[in-house]
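Asker: This is what each chain is made of:
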Amino acid sequence: MKKYHILLIAILTTFSSCVENPNVTEETYLTTPDATNSWVVGLKRKIALMLNATVVNMEILSDNYFNNYSQYSKVFDKLQIDYFDVDVNNIQSNIHQVRSMAQFGLDKVIPSDPTTTPSQKAYMYFALAYSHLLAGELFIGLPATERGEVLSWEKHLELAIKNFDEAIKLEPDAELISAYRLFIARAYYRLGDASNAVAYAEMVKDKRSLVYEVEFDGVNGVSNEMQNAVYGSLPNRLAPLPRLDFLDPKYYYEGTSSTDQKSMAILKVEEAYLIIAEAQASNNQLVPAQATLQDLLDVVNMRPVALVDDSKEKRDGGNNKNYPLAEVDVKFDGNDNSPKQGYVLNRQNGKIPVYTVSGTKVTAGDIAAATAQDELLYIIYRLRQEIFMAEGRRVSDLGIRLSVSQNEEMSNPNVNDSHIKAQVPAFIPKDLDMDAFTYDKENGLVTMKYDMNKVLIENKTSPFIVPFIK
Amino acid sequence: MKKITFVFLLFFCSFIARAQQHKAVEGRVITEQGETLPGVTIHVKGGETNKYTTTNFDGEFKLDMPNTEELYALDVSFSGFQTVSYGPFEASDTLSPITITLKEESTQLDEVVVTGQGLSINKRRLSTDIMSIKGDELDKLPSSRVDQMLQSQLPNAQIKLTGGQAGATSIIRSRGVNSAFINSTPIIYVDGIRMDNLNTSAAIGGGSTQGASISSIADIPMDNIERIEYINGGAATTIFGSDAANGVIQIFTRKGQAGKTNITFEAQLGLEKGTKDFLHFERTADLLFQDGFYQKYSVSVNGGNDKLGYSISGNYFNTNGTQIHNQNSNQKYDIATGFRASLAKGLTYESSFSYVNNQYHRNRNGNQGGYTGLWFAESGASSITGPTFNNKLDELTGEEFSIMKEWVSEAERLQDNKINVNRFITSQTIKYRPLYNLNIKVSGGVDYRVLDDKTIHTNKYIAHTTNAPSIDKGSITAFERRYLGYTLETNAQHQADAGDFSFVTTIGGQLFSTEDHQVSYKGENLRDGSKIISTAAVRTANEAFFESVNYGAYILENIGYKNKYFVDLGIRGDGNPAFGSSIGIQYYPKVGFSWIISSESWGSGNIVSNMKLRANYGIAGNLPPTWANEKTINFSGFLGDQGAYFGQPGNDDLKPEKSHTYEAAMDVGLFDNRLMLTAGYYRTITKDALFSVPALPSSGEMQNQLRNVGEILNEGFEVSTVVEAIKTKNVSLRINASLNTLHNEVLSSNGVPPFNINGFSSRTLQTVVEEGQPIGFLRATYGIFDENGVLSEVLNQQNLGSTIPDLFGKIGLNFSWQSLNIYANADYQMGAYVNDWDSQFRFNYGVGNEGIPQAEIDAHGRTNWLNFTNMFVKKADFLKVRTIGASYTLNSPVKGIRQLILGFQVTNPLNFTSCDFDPEATISGAAQGQGSATTGGIKYATYSSPRQFIASLRFNF
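Residue numbers (my numbering), protein chains in the order written: chain A, 1 to 470; chain B, 1 to 957.
Source of the hints: derived by calculation from the structure; they are not laboratory data. As the structure is a computational prediction, the values presented were derived from the model and not from experiment. Errors might be hidden in some of the hints.
[Said to hold, decoys possible] If the Cβ cut is set under 10 Å, some of the chain B residues that face chain A in the computed set are:
#1 Ser85
#2 Phe545
#3 Val591
[Claimed, not checked] Derived lysine-lysine pairs resembling PhoX-like cross-links, with alpha carbons at most 20 Å apart:
#4 A:Lys340 - A:Lys449
#5 A:Lys312 - B:Lys473
#6 A:Lys340 - A:Lys312
#7 B:Lys631 - A:Lys108
#8 A:Lys312 - B:Lys460
#9 B:Lys345 - B:Lys431
#10 B:Lys276 - B:Lys392
#11 A:Lys78 - A:Lys449
#12 A:Lys340 - A:Lys470
Ideal Cβ placement from N, Cα and C applies to all residues, glycine included.
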């Protein structure tokens, strides 16, 4: 009978062994050379994908853009943030994925790869820190481990600072060290810690071309979704608030779309000036604040401007027929008595300027004329909006925060009812009002319903916004 | 080892061979019509149990008899005929040649079937139901694919084509939806070989027009079929093990026949018209439809003698389709052979080969983005597409409409999407019958299917449909799927009698292996006119590979007492590398009993002719895909380097989901079987149901992972009846009807959040799996309007209705008057819901109010179009007449022609629906490439099945 046993085992083994997994298991991966390098590349890719999940949605959620496309969120424009919303879940998941990949890199990949360089390890700390930074900027709180306790947004920002510090310790490249310092300044800024924020901003403000960009790769399926939304797809999916029309598109392509996916700045030296100026203005140091902002304009003016044919932009996605396509005057709200020119472009009149890093219509004269604290703060928030246009940053300035998602809540006993309610400050206009405008075609005048920067300054003492004023 | 020894003891327990002296008995076997029957088994019952023979070419037999004084009888049995006993007589009697007449089986009680049993068995002994459809019945129904042909034939199953385009995928389900991860399509066998039925998903090619969603059932050979057997899950499928929870369709092809060579030539010619019943605009048909010409020619030759049989058939099918510019044409040709040879006494070899080539053109439909003809016309998107038009088609002036028509014609003409399928199937079988009561079968075979799909988007097409210049956006997307399946099966069956007891013991083993290799490649920035990717400025490629090996062994024991009480026992064990490391061999047991009440002395009479009560319990499974248990790292090129990231999270406990079915039923034949009724109840609970569990966000996992976390209930009553209302020599009228109820519910999801199986995004419309709800219910917004008709409240993610009907069935009639035969078949269902996404778009694009109060439009315009999706969900009740046809048979009309059959059939002639759209045309709510669970439920830019008018001429020589 033993013979039959052996025969049976032999047959079964033959059948089993002929089914070989064509995929790489974790065990195989960790025992093959050069794992760290591919993990760093994978992290870069993951960060690009996280931005895709985040930026378009955050732009829709803010007053920057209105969505005309049925496959993007149809509820963020009206500030409906449900904890069961697929985008809330996607954004949360993406942030956790970056965190988890960075942690796996530090815990498993690096110990298995003796060729790991300090710079690679620093990148993993950076990725970990950046995931905490976004968690702290965009959410009311998130777990920091699988099924873990929900940490407050402040705690996430502190973890971000700690890990950026680790990255700085390891990173040999001075330019990257400056960038990490500016990230720290950004975290302190959101925490309302003006002295630390300014201290770190001061360290880097002289690096006047500093910009930290995330690259995309259209050939390998990681296109810049924001580029797709504002330029690539026709009809274009997102329409900017008309007063920001001149800043759209920030991203474009020439030739074949998949091979020309523009990078996205997730950090730039302009922010150092903005932080310093806001600290100064909040502290009623108005003249130094003016000087800082004038310096900022110089930095912005040094940024590249491309000339791009955007004649295919008809603003007609989603049956929208009411968007100004001519060069019309713009009023920032109904009380604006001085209609402004140059904000809405006629894209059929030749190529338009595209501000690929930063652009603004704030002038030196505007800054000089702002002599009161509120006037300066208003200009600072206008600058923040325009400089960070299409980068997903605006919602944080508006004090809007997402909640923990339902998928987390259902399987994580640490999530309670307070974690699944998003934060939308009471002074933020509801429904679609942040994106609303009227267009008087006859007189060539478009009027925004709200000037949200004005609204922010009017409510500057709110705990949710303008962090240096409490 | 003891177990094996026991099995063999059981298997051979009744072998008793005794040598005797012999005399001979001889005779012939004929049908009621007087035709001789070759191949009939004549078995001596009495002292010498191993004596048997079969009738020769002329239906004659001669059998040596033992020279004793014992009483003997002859049991005469043949598939499709009632078994008769001749005798008893003493072997010493002097017998003159006898003639035995066999009566065709109409009650099906004693029919011989195979599926689910390993080898042939008399249905009387079984506790489960097996549907058997004879090839002659199928020959009457002109159709181009096997699932469409079966649409009206299976009383307890629903077969729905999800779209009207050739090659559209179908949803086949009988006992509900017992899986939330794999579709409800039964596994399909042809001559014992497992077919590709697209149960592996198209991992990298997508889109509802593309090859990935071309049904592989559409090119299963369907000519020269001897019969089809169907079992719908539960205990009946237990011996198919780990992937049979959805039932089994088994097709047997002809292998020739003893007797006269039979040559058949058939021509089917007809007209296909796009179904207009459900179009919103009168003019849509004018814009998009053309009349298609349908033609099909087939030739078959069947012949042989008692030692040898052969069958050859060839078939050519062509239709240019019902969409303009022949953009949905289909051409198929196939050739099939069947061969049977008696190599030695009791040793038979059978083989079949078939080759099919199937070619399609497809235009864009469903949820494809950009221009699609129906979305443009029927969803109101013409107002935002191309140069933009007034989207109220029927209000356009003649001139405006002709401009639109010209534009659409060009948009359709410029589409270039071709699909080409080549398929080769072979089955080889050796049957050995060393003794009358011992049958051994070894079979093996291959199904090899290669699908190529190429879609070319020219700059001209893009510029035309986007109304913007395009010089660098031309692209080619190609997809290739190669499927290779091997099946190897061997089994042996032994029959034994011991007093009033009878035993049928079957043991067997099966191995099947499938390889599914998918490759996609894409070229971008091509110059118009280029049809090959090598000339593209940018080229990318992708690959997916799935492999599955499953091996199993089974033993079945059917015990009878007095030929009226039967116990049916069986178990199958399966091993498969797909199962997690901590999971070993999987077992699928079954137990059942049947009681032939009519065999009791008091059980039959003038009214009751046949009555059988049966009940059973059995387990069948659904396999997880291979390697779904392993934790992997994924890779992708990124910025010229290799990027690694988390792949599949892994699950060491992965195993098949198992459907546990309890079933009880009664089969009754009344008034000399003029009224036959089968009524039963089943309850199936899928335990350890495989859910594709979304990653817990904080885990950082990047892919869903299959986990055995669900529990799904399906239960219902199944009633079917056949009434022969008129039965005279010249006239007969047969009416059949069935009624099935169904309750489907996810009993538990073990805390897994609701997940989408086939809808869009969660903010628009999904078909969802959630605890306490039926699988694939429609989930979207529910809008509440105030007394003025203005939207006042929006409830998100609400259950808007089940997409699975709770009542369905079929009705059919067949009337014969001498040589004239008229038939009609219909399907119906009630209790399901479908979303009319087209209507929702029409509202959005301002075509009409679509039932939304004017006050809401005055207050908010069209902005709330996604906030009251409940207003676009309608009942999906329907009664659809699938076929109405007639045939007229002329016997020997001229010399040389044995028979001429003239036929005419209308397919899809009548539709009665509770909604004003086609509730079956739900390709967007069905899986775009099959493979995954699907329930339909979303109507979106999908063509309905065309109406066909087909005349046929069939010559038998």
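Asker: Please go over all the hints and tell whether each is borne out by the structure.
Answerer: Now the hints, each set against the structure:
For the restraint placing Ser85 (chain B) at the interface with chain A, the shortest Cβ-Cβ distance is roughly 42 Å, beyond the 10 Å limit, so the hint is violated. Given the 10 Å rule on beta carbons, the hint for Phe545 (chain B) holds: about 5 Å separates it from the nearest Cβ of chain A. For Val591 (chain B), the suggested interface contact is broken, since its CB lies about 27 Å from the closest CB of chain A, more than 10 Å. As the CA atoms of Lys340 (chain A) and Lys449 (chain A) are separated by approximately 15 Å, the hinted pair is consistent with the 20 Å bound.
Between Lys312 (chain A) and Lys473 (chain B) the CA atoms are separated by roughly 14 Å; this keeps the pair inside 20 Å, and the hint holds. This hinted pair does not check out: Lys340 (chain A) and Lys312 (chain A) have alpha carbons roughly 25 Å apart, beyond 20 Å. Pair hint Lys631 (chain B) plus Lys108 (chain A) holds up; C-alpha atoms about 15 Å apart against a cutoff of 20 Å. Among the hinted pairs, Lys312 (chain A) with Lys460 (chain B) is consistent with the structure: their alpha-carbon atoms are about 16 Å apart, no more than 20 Å.
Taken as a hint, the Lys345 (chain B) and Lys431 (chain B) pair is honoured in the structure, with Cα atoms around 11 Å apart against an allowance of 20 Å. Taken as a hint, the Lys276 (chain B) and Lys392 (chain B) pair is honoured in the structure, with Cα atoms around 17 Å apart against an allowance of 20 Å. Restraint check for Lys78 (chain A) and Lys449 (chain A): satisfied, since their Cα atoms lie roughly 14 Å apart, inside the 20 Å limit. With a CA separation close to 33 Å, the supplied pair Lys340 (chain A) and Lys470 (chain A) exceeds the 20 Å bound.
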